[in-house]
Amino acid sequence: MDETTFRILSVLTSELGSNISINLLTRKIKERFGTGFYKNIYDKTKELEKQEILSITEIGKSSIIGLNYKDYLLTDILTEMELKRKKSFTEKNNEIKSLLIELENNFNGFYTTESILIVNSERNMRLNKAEFLFLLRTPGIMIIGEKRNSVENKKQLLQSEIECIHSMIKMIAGKLNLRIDYLILENKEFLELLKSDENNSLKEMLADKIVLTGEQAFWTRIRIALKEGNRIKVETKEINPAKISEKNLAFNLNRFGYKEAGITLEQGQKVCLEKIVTAILLQGNARRIEAIPVLLSKNKTIYNLLIFLSRKYGKLSELLGLLKALNKLTKNEAIKRETGKTINLLEQNFKVKEKKFDLKSIKQKMVLYNAN
Amino acid sequence: MQIENKQLLDFLGEVDKELPRMVSITAVGGTAMTLLKLKTSTIDIDFNLNKEDNLIFRNALKIIQPGFKIDLFVDGLIFSQQLPDDYSQKTILIKTTLQKIKLSALHPIDIIATN
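Protein sequences appear in the order of chains S and Z. In terms of this note's numbering, the first sequence is residues 32 to 403. In terms of this note's numbering, the second sequence is residues 2 to 116.
Same shape as in the complex, but just chain Z:
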């Protein structure tokens, strides 16, 4: 299935309702490209978070039980590829109305595209 920008934000809106505190998430891969409008859609949802935010985000997913394929990566380790040390400084902030999610996307220079 193809997940468009609006759907990504709608999904995060539902997650937002179940978070006990602010979390920072960085979109990676196709998700980042969709949020940056470099692509019209992505087939799955990929985010990178730090360890603590990862646990909180996973708990929220447990509550809402979404129907998307979601991959969560921790501290910049995307599958077996470690992002450069300065990746978080280069991320692009995505403006949203979310209350408890600070959403960013990887800078295009750091996005790894695979087929």
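Looking at chain S on its own, in the form it has when it is part of the complex:
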């Protein structure tokens, strides 16, 4: 793959969903790679359009460049780009090679792990940490014991691999003396977060990521999601839960069903529930912390994302305490099941000691907000 094509695809894949003109593309290539010449990029985009890799749409006086998701071979070309990106990244960073070798050695035989991505690699290396995204596939045809293809068997396999991922990462982090944060997402969760109109960690991760394993599978997933008409927009600016403004917090709490008296609501940015919960835990406001079971009861929660964020920001003890409270107080069987599963995961894999909360106070809140 020639360098200009690589640079064009690198920028376009980091800005999925954004309208990018050739001018803007040239500017972004210059920012990222140091050099970028309009004529070269213009000529190359025209060439790639002829090859049906890119699509160019005229909007007013601008030509908006996008990836042509209808082209079946786009997945292979993006795979080639990812491999070149990985090579370039590992050549610049000797420390990362030890980490990648550990990943390869330990995750080789994992059945449900479809792709592993490393996120914000350069910035994280400066902070002696690494951040990964594990994308899991739903097991297909299975023959285990007498119950072929049973849903329970598939769930069991998925669950046991998730537990193995937790143990492996803990071992690798200890061996390399490195902090490792990691998000594990099942197929359905990945799609849900990808399509969501809320800011969330997945959409932020996709802006600066390198696919380490399962490159083809990853881009196939994205291509199919886009071909099916899903609107995907990568978040190029991170919203750190420790920095969410009071205005945004109040706006999101309100839309998640937790209205607070005496607060003037203004339009804010939609942020996913899991990040709002983490923001509340970081803020330390006791009244709002006790409202977290209300939020989790009234809204669909991706517990894998909640674990990732709570662990990343050092709030696992509080999360465990709140989940135990919710598990005890809720009458909803599905919530009991999900929280029970998450509680087991936290206790067995992270050896977290729960922070105790006032059950009476939480129950009162749940009754008040009709959340039990």
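Calculated directly from the structure, the hints in this document are not laboratory data. Nothing here was measured: the structure is a model prediction, and the numbers come from that model. Just so you know, even glycine gets a beta-carbon here, dropped at the ideal spot from N, CA and C. Honestly, I wouldn't trust all of these hints.
Said to hold, decoys possible - Label-pair ranges, simulated between beta-carbon atoms:
#	chain 1	residue 1	chain 2	residue 2	range
1	Z	Pro85	S	Asn136	34 to 40 Å
2	Z	Leu56	S	Lys268	42 to 48 Å
3	S	Gly293	Z	Phe80	43 to 49 Å
4	Z	Asp45	S	Glu269	26 to 32 Å
5	Z	Asp45	S	Arg262	43 to 49 Å
6	Z	Leu56	S	Phe120	18 to 24 Å
7	Z	Thr97	S	Ala317	48 to 54 Å
What the hints assert, rightly or not - Derived pair list, reagent style DSS-like, types lysine-lysine, alpha-carbon separation capped at 25 Å:
#	chain 1	residue 1	chain 2	residue 2
8	Z	Lys70	S	Lys386
9	S	Lys343	Z	Lys63
10	S	Lys387	Z	Lys101
11	S	Lys61	S	Lys75
12	Z	Lys101	Z	Lys70
13	S	Lys268	Z	Lys52
14	Z	Lys52	Z	Lys40
15	S	Lys274	Z	Lys101
16	S	Lys160	Z	Lys91
17	S	Lys61	Z	Lys18
Stated by the list, open to error - To list a few chain Z residues with every Cβ distance to chain S over 10 Å, as calculated:
#	residue
18	Asp11
19	Ser25
20	Met34
21	Lys40
22	Gln66
23	Ser89
24	Thr92
25	Thr97
26	Leu99
Fit chain Z to the known structure of chain S by using the hints.
Using the frame of chain S, we list chain Z on its own:
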């Protein structure tokens, strides 16, 4: 893990981005020796700050969540050892491109080395 001079400065570069105002930090122990190039690396990061700067620095660490072991000391009390009253006058300024961090290192005469 061994943290070298460049890594220390890269780390502070990330902290720098999250600070709302100027803070003064003084490297102590192995961190000071690494910044003064008396040692090639240190195994953890130790800084001394005043009370107000300490809070601001800790908030920045909360945002970036680094993977280093970092100890922050306040007003010259390093573990149970109080630095002499004039320690801040003897500190050595470290030239950096940081915008919001005034970085100094303890004068070698004040550095306490332990094993």
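Verification of the supplied hints:
1. At roughly 52 Å, the beta carbons of Pro85 of chain Z and Asn136 of chain S sit outside the given window of 34 to 40 Å.
2. Distance hint check: the CB atoms of Leu56 of chain Z and Lys268 of chain S are about 26 Å apart, inconsistent with the given range 42 to 48 Å.
3. In this structure the supplied range 43 to 49 Å holds for Gly293 of chain S paired with Phe80 of chain Z, their Cβ-Cβ distance being about 46 Å.
4. Checked against the hint of 26 to 32 Å, the pair Asp45 of chain Z and Glu269 of chain S passes, with Cβ atoms roughly 27 Å apart.
5. As the Cβ distance of Asp45 of chain Z to Arg262 of chain S is approximately 46 Å, the hint placing it in 43 to 49 Å holds.
6. One distance hint, 18 to 24 Å for the beta-carbon pair Leu56 of chain Z and Phe120 of chain S, is violated here, with the actual separation near 37 Å.
7. For the pair Thr97 of chain Z and Ala317 of chain S, the beta carbons lie near 40 Å from each other, so the given range of 48 to 54 Å is not met.
8. Between Lys70 of chain Z and Lys386 of chain S the alpha-carbon distance is near 24 Å, which keeps this suggested pair within the 25 Å criterion.
9. Restraint check for Lys343 of chain S and Lys63 of chain Z: the C-alpha separation of about 10 Å stays at or below 25 Å, so the hint holds.
10. Distance restraint check for Lys387 of chain S and Lys101 of chain Z: the Cα-Cα separation of roughly 39 Å exceeds the 25 Å cut-off, and the hinted pair is therefore not satisfied.
11. Annotation: proposed proximity of Lys61 of chain S to Lys75 of chain S holds, straight-line Cα distance about 15 Å (limit 25 Å).
12. For the given pair, Lys101 of chain Z sits about 22 Å from Lys70 of chain Z by alpha-carbon distance, which is consistent with the 25 Å threshold.
13. Distance check on the hinted pair: Lys268 of chain S and Lys52 of chain Z sit about 32 Å apart at the alpha-carbon level, beyond 25 Å; violated.
14. With a CA separation close to 29 Å, the supplied pair Lys52 of chain Z and Lys40 of chain Z exceeds the 25 Å bound.
15. Restraint check: the Cα-Cα separation between Lys274 of chain S and Lys101 of chain Z comes to about 18 Å, which is no more than 25 Å; the hinted pair holds.
16. For the hint pairing Lys160 of chain S with Lys91 of chain Z, the CA-to-CA distance comes to about 34 Å; that exceeds 25 Å, so the pair is violated.
17. Using a Cα cut-off of 25 Å, the hinted pair Lys61 of chain S and Lys18 of chain Z holds, with the two alpha carbons roughly 22 Å apart.
18. Residue-level check failed: Asp11 of chain Z sits 4 Å from the nearest beta carbon of chain S, not beyond 10 Å.
19. Listed as outside the interface, Ser25 of chain Z is consistent with that label: its C-beta sits roughly 22 Å from the nearest C-beta of chain S, beyond the 10 Å cut-off.
20. Its beta-carbon lying about 19 Å from the closest one in chain S, Met34 of chain Z satisfies the requirement of being farther than 10 Å from that chain.
21. At the 10 Å boundary, the C-beta of Lys40 of chain Z stays outside the reach of chain S, the nearest C-beta of that chain being 18 Å off.
22. Here Gln66 of chain Z does not stay apart from chain S, with its beta-carbon only about 6 Å from theirs, under the 10 Å limit.
23. Non-interface status of Ser89 of chain Z relative to chain S is upheld: no Cβ of that chain comes within 10 Å, the nearest being about 28 Å off.
24. Against chain S, the non-interface label of Thr92 of chain Z holds: every CB pair exceeds 10 Å, the least being about 25 Å.
25. No Cβ of chain S approaches the Cβ of Thr97 of chain Z within 10 Å, the least distance being about 14 Å, so the stated non-interface status holds.
26. No Cβ of chain S approaches the Cβ of Leu99 of chain Z within 10 Å, the least distance being about 13 Å, so the stated non-interface status holds.
In summary, the structure is inconsistent with hints 1, 2, 6, 7, 10, 13, 14, 16, 18 and 22 from the numbered list given earlier, while agreeing with the others.
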